[in-house]
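Top line first, the protein sequences correspond to chains A and B.
Here the first sequence is numbered in the numbering used here, starting from 1 and rising by one per residue.
Here the second sequence is numbered in the numbering used here, starting from 1 and rising by one per residue.
Hints are not guaranteed to be accurate.
Now the in silico label distances, taken between C-beta atoms and shown as ranges [as the list claims (entries may be wrong)]:
(1) A/ASP364 / B/SER86: 36 to 44 angstroms
(2) B/THR234 / A/GLY348: 53 to 61 angstroms
(3) B/GLY153 / A/VAL294: 37 to 45 angstroms
If you're looking for bench data, these hints aren't it; they were derived computationally from the structure.
From a predicted model like this one, the values you see are computed outputs, not experimental measurements.
All C-beta atoms in this analysis are idealised placements derived from N, C-alpha and C, irrespective of residue type, glycine included.
2 protein chains.
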Amino acid sequence: MSSQETDPQGNPTPPSGKISRRALLGTVGVGVVAAGAGVAVGRLTAPEDTSANGDVVEFRGVHQAGIVTPAQDRMHFVAFDVITDSRDELVELLKTWTTMAERMTVGEEAAPDGALGAGTYTPPSDTGEALDLEAGQLTLTIGFGPSLFEKDGVDRFGIADKRPAALVELPKFTGDALEPARSGGDICIQACANDPQVAVHAVRNLARVGFGVVAVRWSQLGFGRTSSTSTSQTTPRNLFGFKDGTRNIKAEEDDAVNRFVWVDPADDQVWMGGGSYLVARRIRMLIESWDRTVLHEQERVIGRSKGTGAPLGQDDEFDELDLDSKGPDGHLVDVDAHVRLASREELGGIEILRRGYNFTDGSDGFGHLDAGLFFIAYCRDPQKQFVPMQQNLARNDAMNEYIKHVGSAVFAVPPGVEDGTYWGSTLFGGSRESAGNP
Amino acid sequence: MSSQETDPQGNPTPPSGKISRRALLGTVGVGVVAAGAGVAVGRLTAPEDTSANGDVVEFRGVHQAGIVTPAQDRMHFVAFDVITDSRDELVELLKTWTTMAERMTVGEEAAPDGALGAGTYTPPSDTGEALDLEAGQLTLTIGFGPSLFEKDGVDRFGIADKRPAALVELPKFTGDALEPARSGGDICIQACANDPQVAVHAVRNLARVGFGVVAVRWSQLGFGRTSSTSTSQTTPRNLFGFKDGTRNIKAEEDDAVNRFVWVDPADDQVWMGGGSYLVARRIRMLIESWDRTVLHEQERVIGRSKGTGAPLGQDDEFDELDLDSKGPDGHLVDVDAHVRLASREELGGIEILRRGYNFTDGSDGFGHLDAGLFFIAYCRDPQKQFVPMQQNLARNDAMNEYIKHVGSAVFAVPPGVEDGTYWGSTLFGGSRESAGNP
């Protein structure tokens, strides 16, 4: 790291002097790129906007962005199958993706020629639907699934011996109703932004240049965040109507972040130092059943008041969870309340960082909306954190009557890309020197 | 109409004095409702916000909101099957829906008791996920499909003789690949808002109280608008990366709106006077094919420059479309360019009002994103406007190589709900006097 300013997660603060897509189109003109020319990022049509780089989240750093970054409002998540057998092709794509991702997170097009590059024989190097849009605090976060390391007993890319012990498929939990077409994947990319079109554009362009190397296995749009990951954010509500993530780890809590989120190089595989593990679960909410349940029962199931979000028996959202006190009906927080079973008190001190999103994907074919929560958790070791937590919840949670886990995946999230490196360089080796253009 | 101020569409301008969900929760406290108590709508936590009612679109008026209303950023669209045989139950639901819709569009909960109503035996009358959210310019717009009037030869609700001649199922167009599970429906509701959670909340609550009377047939989330419906808006881009809807009818164009959007009572059925017809088409974009096409070909297919949106041969987005001039390669705007075939010049003067949204719904199961454009058009007579336009496009449009129509529906959109009336009262008769609570 240089002496550059860093944020609490060790990532350098956003650079200035980058050109936004809008600035490019509005002032420089079609097909001309003046990279790094000192033009401020920002909404040129609104000169009173002094937010400058507030719209940009730095891509490079010790850790990947998109983990402890204050959760943006919208998300597009994609899981890929790698369809090549060539390690070289895969590494080349990772380098290309890194270059594209870094560009898009500052609001630039995916590649220098861009949507308006006048190739006579080659298609445009950006798809164009974000041309007029700001950076939108876009973050792009990559992860590698267990099957990338070994699949059907085959060491596909010569990295089987680098698979961390923590990276194994999740066990089947009680009640799981997983759909293969919504589960697993060799590589995932989480795109979060405050404008959904910015997130969709990023995933689409990464998928586009992956043609022949990767294929989209599944993807999920999240329309609204269900967690806060910073003390600067208010707690949003999930589709049960409850505030969600009140006790979530916050970026500002250095001790908890270091203890529960970031992998220490001494944990297992050195290449994962500074990385994390991502668990994704598509949780269908049976909202019709929930909506026919009385408020008292809903609050008993969750263990919190619906209005304030306070633990039952308390007044304020952030009041301490009291798991011992009893009222006339028994424990204030019921023995099978969600908030109890997911609590660190119940789980021997375990915590995870949640970063989920609400979703609605049309109809389920039986007269109901297909809606729920796309759960994303980051943790230092899913086997020691997510798995015991979910085992406890899957067996005992009163909420199980109203949810169904229909998708599941786990990924090793490598450390941040520092200067001269690329997504996965600690795993595959080498620098980004040979990075090709898309 | 009273002497109240009206907007260009004849709708009264927003009233003041309503209470937002946030205001309710933040200042009045749990379970207490002070309806109409003169509290300004707005973000109480941000007193510098002086937008007052800028966040509210008036629900009542001569026409339904959500048609010429400046297109909001996000949409949730739902089509229902009516599953009761009882006209009374259906009418009762329409009255209940009207009351709920009016409340939600001003940022109130769906019903007075709300999410925190302490019913011992009854579930909450609002699902709560919008409790902390603003009104978000929510509009809710209802339409009635041909099958509501008659299905399998049965006059289900005694309204078969009120079916407008213009309301018949659309013909099969060349290339149509319609999925029944994404097509048709007895009733549709279009929810548009600037916050997707506000739109989803509205649809979910209307579906909730419809239990036993209606069932969700299909629904569609749109993450970004692809049309402007007001001269105050900039033209957004669709997932082909092109500006879309440059020549769309704008709310300010009174003559065009009256000629092409609003039904005249003399047209056919008197009850439809002031209404319109909604055509919905789920258009899958084959974005992988498109993305491998060179810019020159993309622009030839559309007939516009990708950067500026100007018609080919012109400089500015809003320059006149020149269909006659030729360049060295033939017509500046090719004979099968989309913009030519969809033009009023080509179609004997026909225009429609478009109000579509970009969508991305996961994967198609073949390694690609399931993405495209959810096309919504409003017109005075779909048989005379949308059908001939789409016939021309379906047969000849160069764009057909890159799109597939996979969903389709048409609905009669009744006129606006004026004081004392309900959604569909001009069709079913009576006033809202007997409106029940959800």
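*asked:* So, against the hints stated earlier in the document, which numbers end up violated here?
replied: 1
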